[in-house]
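**Q** Protein chains in written order, with full-length UniProt numbering: chain A, 1 to 479; chain B, 1 to 479; chain C, 1 to 479.
Don't read these hints as lab results, they were simulated from the structure.
Note that the structure is predicted; figures quoted are calculated from it, not measured.
Heads up, some of the hints might be wrong.
Identical chains share a label here; the pair holds if one copy fits it or two copies do between them.
Restricting the straight-line Cα-Cα distance to at most 25 Å, the calculated cross-link-like pairs of lysine-lysine (PhoX-like) are [unchecked claim]:
#1 K119 to K394
#2 K443 to K422
#3 K108 to K329
#4 K119 to K329
#5 K394 to K300
#6 K414 to K106
#7 K414 to K241
#8 K422 to K241
#9 K241 to K394
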Amino acid sequence: MTGQERSEKSECVSLSPMREAVPAPLEYERVCVFGTGDMGRSLGLRLLQAGYGVVFGSRRPHSSSLLPHRAQVLGHAAAAQSAHLIFIAVQREHYDFLVPLANQLKGKVLVDLSNNLRKNQYPEANAEYLQSLVPGAEVVKGFNTLSAWALQNGPSDANRQVYICGESAEAKQAVMAVATKLGFSALDRGSLSAAWELEDFPLQLFPQWRLPLRIAIGLCAAFFFYLLIRDIIYSYITQGKDISFRIMVSLANKVCPIVSLIMLSLCYLPGVLASFLQLYRGTKYRRFPDWLDRWMLCRKQLGLLALGFAFLHVLYTLIIPIRYYVRFKSTERTVSLIRENRTTEFDTTMAWRGDSYLSLGILGFGLYVLLGITSLPSVSNALSWREFSFVQSKLGHLTLLLCTAHTYLYGWNKFLRSSTYKWYTPPGYMLCLVLPSVVLLLKLLLITPCVDRTITRIRQGWERGADQRNPKDSQPLIP
Amino acid sequence: MTGQERSEKSECVSLSPMREAVPAPLEYERVCVFGTGDMGRSLGLRLLQAGYGVVFGSRRPHSSSLLPHRAQVLGHAAAAQSAHLIFIAVQREHYDFLVPLANQLKGKVLVDLSNNLRKNQYPEANAEYLQSLVPGAEVVKGFNTLSAWALQNGPSDANRQVYICGESAEAKQAVMAVATKLGFSALDRGSLSAAWELEDFPLQLFPQWRLPLRIAIGLCAAFFFYLLIRDIIYSYITQGKDISFRIMVSLANKVCPIVSLIMLSLCYLPGVLASFLQLYRGTKYRRFPDWLDRWMLCRKQLGLLALGFAFLHVLYTLIIPIRYYVRFKSTERTVSLIRENRTTEFDTTMAWRGDSYLSLGILGFGLYVLLGITSLPSVSNALSWREFSFVQSKLGHLTLLLCTAHTYLYGWNKFLRSSTYKWYTPPGYMLCLVLPSVVLLLKLLLITPCVDRTITRIRQGWERGADQRNPKDSQPLIP
Amino acid sequence: MTGQERSEKSECVSLSPMREAVPAPLEYERVCVFGTGDMGRSLGLRLLQAGYGVVFGSRRPHSSSLLPHRAQVLGHAAAAQSAHLIFIAVQREHYDFLVPLANQLKGKVLVDLSNNLRKNQYPEANAEYLQSLVPGAEVVKGFNTLSAWALQNGPSDANRQVYICGESAEAKQAVMAVATKLGFSALDRGSLSAAWELEDFPLQLFPQWRLPLRIAIGLCAAFFFYLLIRDIIYSYITQGKDISFRIMVSLANKVCPIVSLIMLSLCYLPGVLASFLQLYRGTKYRRFPDWLDRWMLCRKQLGLLALGFAFLHVLYTLIIPIRYYVRFKSTERTVSLIRENRTTEFDTTMAWRGDSYLSLGILGFGLYVLLGITSLPSVSNALSWREFSFVQSKLGHLTLLLCTAHTYLYGWNKFLRSSTYKWYTPPGYMLCLVLPSVVLLLKLLLITPCVDRTITRIRQGWERGADQRNPKDSQPLIP
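Kindly generate the complete structure, drawing on both the sequences and the hints.
**A** Structure (structure tokens):
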């Protein structure tokens, strides 16, 4: 029988290095898998390899030639009775076949593996729907966050953790035991009401990064065209010179720091706005407008993108002396100095200004990197929130201050020269200074002693006008 | 009623994106919150949003207009009877109001949320004190490491984990279930005796970084003034030249590598000293002096600060060719070469020395970064201690060796020139070479075969002189 | 008695800062330690410090002068009866002394701390062997992944986690409670069949890094000698010039990018090969050849090493303008320009090419670093597998594309010049372009719509030829 042969081969899909090393284990116990599709088969194979006895439940138990031959294949009812743990590797639309099995499923643990095609496809989570269909069983959501690859071959990078949730602690314990035996590390995510979260997880593709990424791309495009016109097209039209090669490095090295500085200030602006809103309202017990909420929730992403652009800016700056154009200009300058027999005078102010500019940039970037490191999950989890807010707020504003000062020093005395304003437009770095300057000014206002005192009281629960009406409630934490 | 209105508004404080996505859940169960202050109200709101029924326990159940109207407000005794889980959001000083409630609290789970204003404020942890007041209840410490913001709005960066501890496994299970339902990930930290640790956590502000930071600042200040005098003031006094602009980059680029190298050797010195102490004592079963213990415990922080300074040194070095001063000097040199019609000869030794110096620096910095990456919590947790000690000890000493050689090559033949010693003082890099040279020499001694053998035996439990007295005990691990 | 004295001192070995802060706890409960060797004593001390009562089980209870005096020392049988939890700090060879104690050990929790000297030393894990000797006890494997240092002094970097496994949930709970009381965080790794994994853990020294490291070293050596001959020896033989100083920077800066690019393509080649194999076979249900499996399992390590070499390449490139040789040549060129009264023309094509080359390199390196960051454990755990595969596959191939284009631009028009081929050998960068070009071409083939469709169907479980024979099974996920 060819079908039989093929199924024998299909047992050896394992990529895991474990299998060879494990001394062939005794069969622990029997588990059941409903669903003989790809998902069910992959899981079944893995379970067999880990030493479980596997019973497949199928509508047509006699025609399932693709299933591993070491597995038993029974009808649904018989399969359900043969094991305590039943994996439901079936799409939600077909769940109703379980209703008539209610008797056999009573007291069993059902593991819902299903995923949906898009978010909010159904009013309730698949696992909750399953529970409502078979109220006598203990439904546990789990294993759905793994890729098919991981189900077949064992844990690897983003597939190490199995999230599970469910109402019954024992049922979860049993499922977690299977997960750890398969080599995954299981994480209890609470009751079945967390199932929607687990079902949405595999569908997400950086949902929190979308808005910040769009802002970054928008800013990049806007400043790219602005500078293209001001620098390259202007020079072509007024002087007839083609300096289009500057797009690759010079222009990129202007766009990157500009976008970085704007995004860094966008990262600190909502916090400042929120403080002013609380000051104005005199209470913290009122919801912020929706746009402010959404903004505050993507500050981390804004900051990390800003760091990315700063990193590129640093690299673009450091390769300046290697560029052909720069080396050519430098030689040309020296040659013309000699041929025209001119001398240049060393300008101490220029030296001070240039060195300060570079030094501020370096220190700013150093702090930037520090902020980035503390937002790595494993680092931020190790910090108390007092430490985290110290780094992100105090050091964050210091970073903004250093980078803004760095940009002001770059402009230096060009702010007042009319030649700076080609076609009456300001250069890019002046435009990008507006936002950080505003943020820093507002922050300065907020940390003046009198404003700071009011803000602190509001944050501790004090409300303007509340004292008069109900003085007792202003004493916090007294029963 | 205005009070009523305000409390209705106050229910919508949630910033969490969850709330919209969750299909309005059924009321899971009823929990009780004692304390109607800011902490209690924030928690109550969050619990209501997550679908819990909330009962506030209050001294004046009829005057609590600030509480959310969906919550019930009862007297303490009635509230305690209405739920199994009671959150105590009350300051420790007021705990005695719970003593008369002992009957109602029997068998209940009390979650102690309290924090103190400073460490070691009381002889025992708040939670242990609470347990002693209400011996019939199951006290669980938890939720206190969260900021008020997180309690109101759900998990975010440093507020993702809820640490809990307590004696009863079921009580902890119940509290962990609430934490996961609120979106936090709960971590069991053991029995109630860990409560002091949890209560100290929110108070700490980088306690392990203080000593290393002070050392770094001290070293920076000392070398800054030393070099300021030697380089800038010396030049001003003896030649009348104002080269103060060099403070910003040149001086910074001298202070950074010097401090970095000294701190890196401070990071490896205590290990070497400890080995010699064990060699001298002939046993490992004696406590190290206190200062050595403290020193060893902050090696990681010393190393990371050293890495920070090395990072700044790299940036400061890489921008050298961009500096105005450097470009000016380079042009000036070329111009004078031509005007005076001199020629220069290419010096192969100089090329070898310069390139070796740079190459050693690069390799040293590469290893430095590797050491930094392996001390990230998530990376070091994934290593076995054999791997970790291989990286930190073997590669660490190699880093120190490369960086020291890098500095020696920088000095090169200037060690013997008298002109190097302005005002009879050695330059900074010579001073900073003392410590690493000593550490490397001592380490070299330790890895000579005969010393190494003795050290290894001592570390395996052997004691000098012990064999004679009680030869049987020298056989380790035999019962 | 000197022995007594010494043992008193030996109690104070703690380096942990905890001890001072903990208010001296009451004795929780009594635990037993079998084995009075180094391991047993270290653990006993730590247990005593944490407040446990410790009973040592010994063959000669009256001669154990090295044990802490606060601990009780009894014969094995008496010790076993005095506690519920027994730590077995004895080497596997001596386990048989436990057999006669079967009665006293019935129902007790035995914690197996043992490690082996090498992998696969015994047919079954020590803990499983122990269980087979004492079937009436509950064996838990644990604490063996800690270094002796950590057992004595409490958790530190790579010694924070205690992995435990065993059959009985209550037994594991009890052991985890002890671990958390000692300050470690305990992780349940499943049933006793995971013991071999825990016993192998302390023995491993970067097992997954060996093959990639050997490849890296091999490639480095090969290209080093190839370039040494082509660049330095060639120049010495044909022109008599000694440019050996170029080894330190120029040669290193050729070897690094070459090895980096080859290893990056080695990281993406197996995925492409696997796809073609699946296409050829028309099914995913067949095991890949062993060499391909092993290759795919070390892709992460290959990629990280490639990133390391790219990092060195960046540093080596950025210090170019600081090098003595480069500054000398630049001055020489200017001087000769003037002396010979030549002029040079600015070449826009050169400027475009040079700047594009640098810009592609910078962007490629930026993506490279991004790939590195997402493979940090804490970051990759936070990603869904959809996100992880997006980053590693899409962005990974983009990185390869950028870096390959960067190298092609470096070659530019030298590919066709015969002077490039000294001694009829191609330069290094041409050799290293072969592999990435092949990978990119194959990948391009795979993403053409018709091939892509077939691959996707195969990955979803479709098999060529399977439809005809058993059409119903091709409907995935239907019961």
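**Q** Going through the numbered hints above, which ones does this structure break? Give me the numbers in ascending order.
**A** Violated: hints 2, 3, 4, 6, 9.
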